[in-house]
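K.L.:
So the sequence shown is numbered by my numbering: it starts at 2 and just counts up by one.
Just so you know, the hints here were simulated from the structure itself, not pulled from any lab data. Where is the CB? At the ideal position from N, CA and C, for every residue including glycine. Mixed in with the good hints, there may be bad ones.
The list that follows gives simulated cross-link-like pairs (lysine to any residue, SDA-like), each with its CA atoms no further than 20 Å apart [claimed, not checked]:
(1) Lys-10 x Gly-206
(2) Lys-157 x Gly-175
(3) Lys-49 x Asn-67
(4) Lys-10 x Asn-194
(5) Lys-157 x Ala-72
(6) Lys-10 x Gly-208
(7) Lys-157 x Val-57
(8) Lys-157 x Gly-61
(9) Lys-10 x Ala-21
(10) Lys-24 x Gly-37
(11) Lys-10 x Met-41
(12) Lys-24 x Gly-208
(13) Lys-10 x Ala-72
(14) Lys-157 x Thr-58
(15) Lys-197 x Val-57
(16) Lys-157 x Glu-144
(17) Lys-157 x Ser-178
(18) Lys-157 x Asp-143
(19) Lys-24 x Gly-175
(20) Lys-157 x Asp-80
(21) Lys-49 x Ser-70
(22) Lys-24 x Ile-36
(23) Lys-24 x Asn-220
(24) Lys-49 x Ala-21
(25) Lys-157 x Ala-42
(26) Lys-24 x Ser-178
(27) Lys-157 x Arg-63
(28) Lys-10 x Ser-110
(29) Lys-24 x Met-92
(30) Lys-24 x Met-13
(31) Lys-197 x Trp-111
Label pairs and their calculated CB-CB ranges [claimed, not checked]:
(32) Ala-25 x Ala-198: 19 to 25 Å
(33) Ser-118 x Ser-47: 21 to 27 Å
(34) Ala-198 x Val-57: 36 to 42 Å
(35) Glu-130 x Ala-50: 38 to 44 Å
(36) Glu-195 x Ile-153: 35 to 41 Å
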Amino acid sequence: TADGMYTMKCDMGGAAAVLAAIKAIARLELPIHVIGYGCMAENMPSGKAWRPSDVVTIHGGRTVENSNSDAEGRIVMADGLARSTEDNPDMVVDIATLTGACMVALGTSWAGLMTSSTEAADTLLDASEAAGENFWELPITDEVREGLHSDIADTKSSGSRAGGAMGAAAFLQGFVSPQADWAHLDIAGPAFNESKAHDYTPLGGTGFGVRTLVHLAANLAS
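Could you build the full structure based on these sequences and the hints that come with them?
P.N.:
Okay, here's the thing in structure tokens:
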């Protein structure tokens, strides 16, 4: 609907957070090697648009059955995550305004956190607490992983509506090197403020996640 599309300009909050965090880390001259990938796409109708059930090939060769053309973000993020494995990272963090399901679960003041391990979760939660940003850890269950099974590709891009935020994380994890710690930050709720300005949070884009990423880099560098 028109109402639903009006605020879609906020749907680049994750890429904006990556750019802002990289800039802050550079200005602070933190002694850490950080590579940022901005995974972006224009989702518009056209003669070249993807259709549900189309199969696309991700960087590195894995194939994806497009389950939902409105879930384009995770497909372009999969490209970035697959490319990041070539850098042999110690830790991979992705951040995106990825799912409405996360907002249904956690509201608009909290972001979802899904990780590859308890240690990775603790590392992110320590950084978010220092940053004053609210994250809540969600599991990635076998149920949502099984929902991504495809008969025509290596994986589907999305499964059932139930557990949608976790399903998106399960999909993304399939493109991350198992040798690296990994964390997925779904900031769909707090990245865009539609109610009223409060404290240091303005109307519109809030910059949520930037402080957590910078604190994370500082902690890892120390």
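K.L.:
Check the following: the C-beta atoms of Glu-130 and Ala-50 are separated by a distance inside 38 to 44 Å.
P.N.:
holds (42 Å)
K.L.:
Hey, Lys-10 versus Ala-21, does the alpha-carbon distance stay inside 20 Å?
P.N.:
Holds, at about 17 Å.
K.L.:
Tell me if the straight-line CA distance from Lys-157 to Glu-144 falls inside 20 Å.
P.N.:
holds (14 Å)
K.L.:
Lys-157 and Arg-63: Cα distance at most 20 Å?
P.N.:
holds (11 Å)
K.L.:
Check the hint pairing Lys-157 with Val-57 against an upper bound of 20 Å on the C-alpha distance.
P.N.:
With a Cα-Cα distance of about 10 Å, the restraint between Lys-157 and Val-57 holds, given a limit of 20 Å.
K.L.:
Sort out whether Ser-178 lies within 20 Å of Lys-24, counting only the CA atoms.
P.N.:
Roughly 26 Å separates the two Cα atoms, so the pair is violated.
K.L.:
So if I understand the rule, the pair passes when the alpha-carbon distance is 20 Å or less; does Lys-157 with Ala-72 pass?
P.N.:
Holds, at roughly 11 Å.
K.L.:
Just to be careful, I want the Cα atoms of Lys-24 and Met-92 compared with a cutoff of 20 Å; is the pair within it?
P.N.:
Holds, at roughly 19 Å.
K.L.:
Within a Cα-Cα threshold of 20 Å, do Lys-24 and Gly-208 meet the stated pairing?
P.N.:
Given that 20 Å is the threshold and the Cα spacing comes to 13 Å, the pair holds.
K.L.:
Lys-157 and Gly-175: Cα distance at most 20 Å?
P.N.:
holds (11 Å)
K.L.:
Take a quick look at whether Lys-197 and Val-57 sit within 20 Å of each other, Cα to Cα.
P.N.:
Violated - the C-alpha atoms of Val-57 and Lys-197 are around 41 Å apart, more than 20 Å.
K.L.:
Is the gap between the beta carbons of Glu-195 and Ile-153 within 35 to 41 Å?
P.N.:
Distance hint for Glu-195, Ile-153 holds at roughly 39 Å.
Hints 15, 19, 24, 26 and 33 from the list above are not met by this structure, while the remaining hints are.
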